[in-house]
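*Asks:* Residue strings, one per chain:
Number of protein chains: 4
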Amino acid sequence: MSQYRVLIDANDEKGLVHKVSTIFYDYDLNILSNSEFVDKQSNKFFMRSVVDGNVDRDELINALIKVLPADASVKVITPKKKNIILMVTKEIHALGDILIRHEAGELEANIVAVISNYDNLESFVSKFNIPYVTISHEGLQRQEHENKVIEAINRFDAIDFIVLAKYMRILTPRFVETFENRIINIHHSFLPAFIGANPYKQAYDRGVKIIGATAHFVNNDLDEGPIIAQETIHVTHAYSWKDMQRAGKDVEKVVLSRALKLALEDRIFTYANRTVIF
Amino acid sequence: MSQYRVLIDANDEKGLVHKVSTIFYDYDLNILSNSEFVDKQSNKFFMRSVVDGNVDRDELINALIKVLPADASVKVITPKKKNIILMVTKEIHALGDILIRHEAGELEANIVAVISNYDNLESFVSKFNIPYVTISHEGLQRQEHENKVIEAINRFDAIDFIVLAKYMRILTPRFVETFENRIINIHHSFLPAFIGANPYKQAYDRGVKIIGATAHFVNNDLDEGPIIAQETIHVTHAYSWKDMQRAGKDVEKVVLSRALKLALEDRIFTYANRTVIF
Amino acid sequence: MSQYRVLIDANDEKGLVHKVSTIFYDYDLNILSNSEFVDKQSNKFFMRSVVDGNVDRDELINALIKVLPADASVKVITPKKKNIILMVTKEIHALGDILIRHEAGELEANIVAVISNYDNLESFVSKFNIPYVTISHEGLQRQEHENKVIEAINRFDAIDFIVLAKYMRILTPRFVETFENRIINIHHSFLPAFIGANPYKQAYDRGVKIIGATAHFVNNDLDEGPIIAQETIHVTHAYSWKDMQRAGKDVEKVVLSRALKLALEDRIFTYANRTVIF
Amino acid sequence: MSQYRVLIDANDEKGLVHKVSTIFYDYDLNILSNSEFVDKQSNKFFMRSVVDGNVDRDELINALIKVLPADASVKVITPKKKNIILMVTKEIHALGDILIRHEAGELEANIVAVISNYDNLESFVSKFNIPYVTISHEGLQRQEHENKVIEAINRFDAIDFIVLAKYMRILTPRFVETFENRIINIHHSFLPAFIGANPYKQAYDRGVKIIGATAHFVNNDLDEGPIIAQETIHVTHAYSWKDMQRAGKDVEKVVLSRALKLALEDRIFTYANRTVIF
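Protein chains in written order, with the working numbering: chain L, 1 to 278; chain U, 1 to 278; chain D, 1 to 278; chain Y, 1 to 278.
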């Protein structure tokens, strides 16, 4: 008995559910859960099914491809721990939340390494027996530094996701292309408000009554890319921007961990700078 | 071209989605949206599809019944305004919210009448050209009063839902059975906390930091039955129970209107004192 | 026995609370509630006290002015219904919510009139026996139209607040100056995200997972000015921008009514494009 | 220059703020923040001020006692790290959240020890260089076991708070009295709903749409005592009770950490099974 996550996206047309469910039926598969969505505006169809039964993965893929339109994307995934790398700068909260969840067995992930441009979190991370790689940016040009980071990442096998757990450096398009749709970032604001430097200071200056955080895939720069999860909390006039920053950390870690979990469970489709989340 | 909402629940078995989607495919129907859920614990399958195409309603029902197990419940509903009766006592907020939404065209409903045991909201309701029926309970025994209410309701044709928009009298089992799964109540607390009289007073006495409201179908008495929607808000030590009551009204009206909308759009299944909501 | 709301703001210095509370003590006043806040960054002190006792209003003001620094602003307000004008375009939800609250006696306000550039809400507003003034903008230049609106407002005595309950026209600086810090607007987005036209369309295009609304005083244009209240709700990929707009209405009305209530109860201080809210 | 937190509660009477602020003024103290609350129902007055200046702590206390009524409680606290003991059973999430915050320097606390009736979190806690004391309850009567726990606690000096971070054993009245108003518990439900064993199972069975968590002081048993903080999250029909339990952990840790922070900053007054929180 094998369990598979079947992910399909295609241009919408009549009969897609019928075709897929007929394959499941023919192979005598159990449907454990099933979600579909059609975006009428862009005429796109999305489907995620979790099935179990006695069928070879390749056979299932081939059967699905045969009945589905040529443009359809078909993925059949065997649930297993994904390899992730965490990148941080100096702050512990988002990193710590992921490490605790990992320790608790909540995440379908192997944390392969933590990479930072500073060494100040090394002793903390070492407690968890996770390799910590410091790649200082001091005295290096942006591209030079980033090349070293890419090299470090590539030294590890088959990285599924790179999680920017408050990594405070801007990434170049080259980096982003190298790991397309595999970089998850937490932005410390309710995007698209307060793009850019020190969003809490900006939020304070605007006198907002709510602050937030946004987890998203990175496609161009740190503030763009398909949004995965967002959350907000109320603040009052009594919050200085430092208070907002402190309170914001609690939202940041919640949102990043939520997004990571969705990614690890193969629940996210991306298209047109958007996500579909099942 | 007709649009239908297809609602199916059945004991779960392999192939249900396949069977239903095959019928849709055979009749050349467009699937506008599709939701499924299997409750593994009770082995129950639920499905709600919105389809359009050229098929007679009876024909579609028969085709579905033919392929589905004998125990399956199949409903094929043509979207149209449902007839509802609102019951109130003296408070305007929940009633008013529904009337404004009705006025704005937000609700798939005809408000056939408002029934109350007091006449104090009559002039308000009359502004909206909706019949207002006062059935005073003064000097009547509970059953006598309720019989008059049932009579009044039955004078109107084909009532789909009775909405207790802060109707503060206890209903007898007879009333509830007469309109089974068609009575929607708003309870002014986060059920099951603070069942019974004056929940805000109870909440104040317990020193809670959050209050809430619960919309549910009524099956036995005012505080039981499958929950449709709940919402909460924060309160502080500075709230007297009157303040809680005032703040609670905002939650009550939001929750009741949300539940009513779900009911009008045929999005609710009930089983085992629970709801499945698509 | 009179009740007063005492509102003081001043540059912060030692002894302000002492001086004010000594006056209250000397006049044998009861302090019903008391709130203070010091913004360290700008060195500003804010205080709102509700007191009752036997003292003449002018005498109390003079006593306070005498002990407080010359730059202090001192207001002693006798709680009473404030005169407000609502301005709308075509949508009923925010207007309706205020009218129902007014009907329920929740607002310390007389709704003196509703002014619109369309007549389509006239019959609705008339039900509440509130004057409805249609001032069409058709064929008029912006300034001409606005002059007519200002004239209409000035025909009513002593307007405390103008509430833009989804008034969809841009106001000129002249209008804003005429009613400075007395215009409350609801903006249909979580400001400062999605400033400008059709924020829900913008939000949809950005693929956000949360939408919101912002109530604020208007000082320059429709999207600026001190924020009074904000609220957000979650949306999913399944929301079209029309769905977001529909869901957003519920947030808009909640936020606007909350802001109006705060204003009517004299709970808002403004400074430096910010609000302090007690 | 010293900073003090001044906490006063007393039966309410005219002039209390005046008397306290006069003392602050006489000693030339700076008021950094100031909060007051009068519970009219019970006629109780609460005040928390943060002041700095050049005054001896004892002198300030004596000055305040002299002007305040005899029944008043006066505390003058020098901000410093408090000593806390964490008690756990087997779950890591609430404990982990506190340890990470401690590591980040967010908490005004020394974590003196972690005490558990199991040893399975020992290796985790040891990473943080915090003593871990296993006191197994196997083969012991409740009172015997608890005596050993009390002994273990008393071996450490001057414990300010005992934090039950998912300590799943019932405490006897003797334990509770020993550490009165110093035990903070997280209850894995929105109290007072679902008191007792396995609240998530209870919540599932009732078909709720919201679950929550409650942090409170323990005064009698695990489910009673003044509530400090509560939080809720939405769940759907698709949540099994195990899913609720998993989702609930995120709420539990947030609420417990929030409550602990309030306690460490001396922001909580308790009376009549309620809290006032500044």
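Since the hints were derived computationally from the structure, they do not count as laboratory data.
Hints may contain errors.
The list treats identical chains as one, so a pair stands whether inside a single copy or across any two.
[What the hints assert, rightly or not] Derived pair list, reagent style EDC-like, types lysine to aspartate or glutamate, alpha-carbon separation capped at 16 Å:
| id | residue 1 | residue 2 |
| --- | --- | --- |
| 1 | 40 | 205 |
| 2 | 75 | 91 |
| 3 | 127 | 103 |
| 4 | 261 | 243 |
| 5 | 14 | 28 |
| 6 | 82 | 265 |
| 7 | 44 | 13 |
| 8 | 242 | 106 |
| 9 | 201 | 71 |
| 10 | 242 | 39 |
| 11 | 127 | 59 |
| 12 | 80 | 12 |
| 13 | 82 | 12 |
| 14 | 261 | 157 |
*Asks:* Could you tell me which of the hints above the structure violates, numbers in ascending order?
*Replies:* Hints 2, 9, 11, 12, 13 and 14 not satisfied by this model.
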